[in-house]
Every structure is written in C-alpha cells, then in structure tokens.
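**Q** Spelled out from the first residue to the last, the chains are:
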Amino acid sequence: MEKLLDVKDLAVSFKTFFGEVEAVRGVSFHVNKGETVALVGESGCGKSVTASSIMQLLPMPPAFYKNGQILFNGEDIVQKSEKEMQKIRGNEISMIFQDPMTSLNPTMRVGKQIVEGLIKHHNLSQDEAEKRAVEMLDLVSVPQPEKRVKQYPHEFSGGMRQRVMIALAMVSNPKLLIADEPTTALDVTIQAQILELMKSIQEKFGTSIILITHDLGVVADMSDRVIVMYAGQLLEGGTVDEIFTNPKHPYTRKLLGSVPRLDMDRSESLHAIDGTPPDLYIPPKGCPFFDRCDNAMVICKENMRERDYHTNSHYSCCWLNHPMAKKVAEGGVR
Amino acid sequence: MTKYLLKRLVMVVITIWIVITITFALMHSVPGNPFATENKNIPPIVYENLLKKYGLDKPYSEQYVMYLKNIIRGDFGDSMKSDTETVNEMIGRGFPVSARLGVQALLIALIFGPALGAIAALFQNKGPDYIAMIISIIGVSVPSFLLGAFLIQFIASNIEWIPIGGWGEFRHTILPSFALALMPLAQTARLMRSSMLEILGQDYIKTARSKGISKTAVIIKHAVRNAILPIVSILGTTVSNLLVGSFVIEKIFGIPGLGMFFTTSVFNRDYTLIMGVTVFYAIILVTALLVVDIAYMLVDPRIRLTKEGR
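Keeping their order, the protein sequence lines are chains E and Z. Just so we're aligned, residue 125 is where the first sequence starts under my numbering, counting upward by one. Just so we're aligned, residue -2 is where the second sequence starts under my numbering, counting upward by one.
Think of the hints as simulated: they come from the structure by calculation, not from any bench. Model, not experiment: these values are computed from the prediction. Yeah, the Cβ is synthetic: ideal placement off N, Cα and C, and Gly gets one too. Treat the hints with care, as some may be off.
Chain E stretches covered by chain Z per the calculated footprint, using a threshold of three residues with CB under 8 Å from any CB of chain Z [as the list claims (entries may be wrong)]:
#: 1; segment: 225 to 232
#: 2; segment: 278 to 292
#: 3; segment: 432 to 444
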C-alpha cells in the first residue's frame, strides 16, 4: 500500500508565559491511500494539535514545530511556507471540525462558503462555482440543494450543518480528510448518518481519512487502523481487530474497559481510569501513563519503552513487552 | 418587512411624544419664565402683554395642547428671545452647518476607527496594538475643548491655509471635524479591537483558513465582516450626536451651528427653542436608531429572519 501521509517523530510545542507546553512529543504514524486511521485518546492528549499541525493551522507563535517531519506525498509540510500551504489546504488536505454550530461563518451564504476555496484553487467562474455548490450539497444529501445554497448557516440544523462542513471539505476532492471529532457535538442518530455519509464519500473518492475521536464505538465502525495517543505520545497502534481484541498497552486496555457495555450488570458502575494525565509543562521522562498504570514497574518511571512490534501492523510501547517483565493478564477488555 | 417598519414608525411617534411631554413638564416645573428675569426693566403692562403674546398666561394644559397642535403642523413656534427668527428658521440655519461637520467627522471616525481597531487586534500585544490603543485612550479621555485648543495652537497657528476658526469654506471644517471625530474614532477602535479578537478566535475562522484562501481574504471576508456588527449597533447614538453638533467645538471654532442652541436656549429660558432643539434631537436620534436597525438587518442575516418573523 502506498503511503499518503507519513508523520515522523513529530514534536509540537507551545510557548507560553509559564514555559513551554510540549503538546506533541515524538509522534510517528502513517496513513495509506484510501484508508481510515483513527487517532484516539482522552481530552488534551494532543490529538487535535497533531491534526492541526498537519495543515499548519496552529497559531504560530505560540505554537512551533520542535522536531520531525510530516511527509505528504513525499513533501515535508513542516518546511512549507504559508503561501505553499494555501495551495494544499482545502485542495489536497481538508478538515472537518467538531462543532458544526460554530464552524460556519454566520454572515455568509453556505453555497459561497462551500466553494470559496474551490474558486481560489481552480479559478472557477461564479456560475460554475454555484453549480458545484449545488452538486456538493446534493452529494451530502441535503434536500432541496438549489434552495439551500442561498441560505445562511442559522437556517440549518446541527446535522445539516455538519453535512455542509463535509461538502465544504470535499469540494476540491482532497486526498486526505482530517475529521476532528466530527460527530461529538451531534446526537446519536445524526452521528450514525454523518458517519455513513463519510464512509460513502470515502468509497466514492478514495479519500484517506484521519478520524480523531474519543468515541471507541465510532472507531470500531469507521476505521481500518487505530493509533492510541496519550500525553503527546503514541502508546499503541494497530488494525482495528488487533486493538480491540488484543490490546497490548495497559492504557489501551483501560480505555477499552471504560466503554459501557450492553451486557454489563446494571448495578455495576461505569469504569473510569483513575487519576489525571501528566502536566505537559513538565512532561514525564518515562512512560506518561506511569502514575495511572496498575502494572507500573520501577523502570517505567524513568524510561520510555521503544516500540515493540507484535505483528507487522501492531505495536505498543510498554515495558511489559520486555521478556523479563512479569506476565499480566491479557485480553484486556474487562 | 413592511409590517415591521410600520410598527417601528408608530413607536417613533410615541417616543417623540413622550420626549415632548417630559421636556414640557420639566421646563415648566422650574419657577419663573423667559421674561421673569428682566421684569425689573420692563413695565408690568408690557410684561403682561409679552406673556399673552406667547400664550404663557394660559394654563399649562392649554399650552401643552397648543404646542402639540403646532408640532403636528411642523411648527416649533417663535423664539422668545430672538425677534428676527422663528425656531424653525434657527434650526434650519444651524443644522446644515452642524450636520456637515458631523458627516465629515463621522466619515473620519468610521474609516479610521474600525481600521485602527482591526489592526490592533491583528497585532495583539505588539507595537501597532500599543500605538492604536494609546491613540484611543487619548481619544476617549482628552476633553474636546482641550483638543480644540490644542489643534488651534499647534496646527492652525503654524499652517497658514488652515484657519483658526470661522465658517464658509472647506478648510474651515478640517480642524473641527477632526476634533469632533476623535472621540467616536477612539470608541469604535476599542470596540472593533475587542470584537475582532473575539471573532479571530471563532471556529469558522479556522474553517476559512482550512480552505486555503489567503490570510487577507480570511480577515476581510470572515473576520472584519462579523466583527463590524457591534459597531453598527452603537452607530445610532454616535450619528445623531455628531449630526446635531457640539456646543464646545462650535464655540471654540466660532461655528454657527446647532450645537450652541442646546446650551444657550436653557440659559435664556427660551421655552420654544428648548422644546424645538430637544424635539429635533429626539427626531434625529430615533430616525438614526431606526436606520441603524434596518442596516443591521441587512448586514446580519440572523436578525433578518427573526424580525420578519419568517
């Protein structure tokens, strides 16, 4: 499979008054053509920063690339100038944001918002652009697209606005779509519709998707591969099957264990992971999950384990993988 | 839309009627009358005749009804202090002068104010921001009489072409326009800065950037377009204040505008003129507010729908 995106050892930090926040600390992953990679992790773990840095959308300063490469089609995005990025954004890489209620400009007609980027990238005339906007709304199953293109965002419901966002992101037929928690702000039935829509569009255009979410149900439904992020680092990665049936990292196990299950006894309380993630002003030297891990060992505090590959696609970073480590119960999902 | 406008027009009439009533009541609740201060010099019979001529001998209720009747015909009555002009003529003479200054000042304020604010926001906590905010703090805090005197001292007395005061040509309007403009300029700059900062943090700015359009396009089409909305909403009072002129500025630059009537009419107890300028100001203000509300509907599609009631 051909790699579309290859992120190598990416580190992104924010300079603040109180010091440097190391939001992303040495992240490596790749996305193949046409596949969906899910990036999961709890709030504040650096998922969105990683995603935004792929498009250079972080405010710089305070943010800056500290290290690493983001190879997109073999070219390093970290080195690109703002002008060069403008040719890539919306054209080759697009993004869908979390909250459709606030992600559209309230004073601009949706049709215009959809094709604004397209007009710039492809020098379309107004007529062509409007036709294209109607087509796009039709594609994302917005009823009465001819009428809807002339309306403003406040005339759309949340789900409809997210469809508009998808139309906006897909209008230039990008190679990579970054969906930053695309369904978090929507109710469950609309969520399912939006995910279906994303799947069908992916099939139609062969788009690669990076799906950022903390909803593991969405991950199982949508993605080919999963990478698990914690405190700015990747702790585990693998295919959906590998991660869900054979999680290797204690964090992944706990994450899966905290998903409510239909067969759970109703008297049982929901499982949460105790503790809080480390402060990224002073990132831990060793494994960031040390404080919250049931299986933590002395070595974990000071040293981070490199990746151990369990299969070609499945890796984890945990000292339990070391041959000398004591064996703990695997299989994960409690 | 038509229904909404009609509704607003009725409200305008009611507002003006309330202004008339309150001004009338306040004015007459103060003891004395326009001629009372001079009654030592005039014989009682003349005094009686003066009161009779202006209808001041009649009961308040009757005076009030009479005044309302005249107002409906558009007649503000005769000035009680000026022998040569009616109140209508005084307003007709002063207003164009004040309005011209006001429009010029408004243009200056509305071109430079939002621009200054937007630049300040774009360069938050950097040089241009500090400069813009210093200008606006000066603008808000320096009283206009000081600014007027300052402009005369440092500009008019050094540049031959710009006169110290007077009225007639364009060059007479330059300094007073700037003196009038500084305050609203500073206010709009501050308002624009804060609203721009808020808008720049909005999600849709990120969306706009993610489309790959240029930074300038993001700022103008997405940020400024939305950040300008709060400025439109304060425009009503600013416009009407500027149009009717300022007593201080007109006094300093010797301009025969409407502004000074606001003060002199009260000192002179010139009942008809007090009523005239107050009602006139009220009319300008409510009209400006109405125009601003309509303008708001044009620039903000969200307002449009709710006001039309779908």
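**Q** Decide, hint by hint, whether the structure agrees.
**A** A quick look at each hint next to the structure:
1. 225 to 232: holds (count 7)
2. 278 to 292: It holds, with 4 qualifying residues against the three required.
3. 432 to 444: violated (count 0)
Hint compliance for this structure: hint 3 alone is broken.
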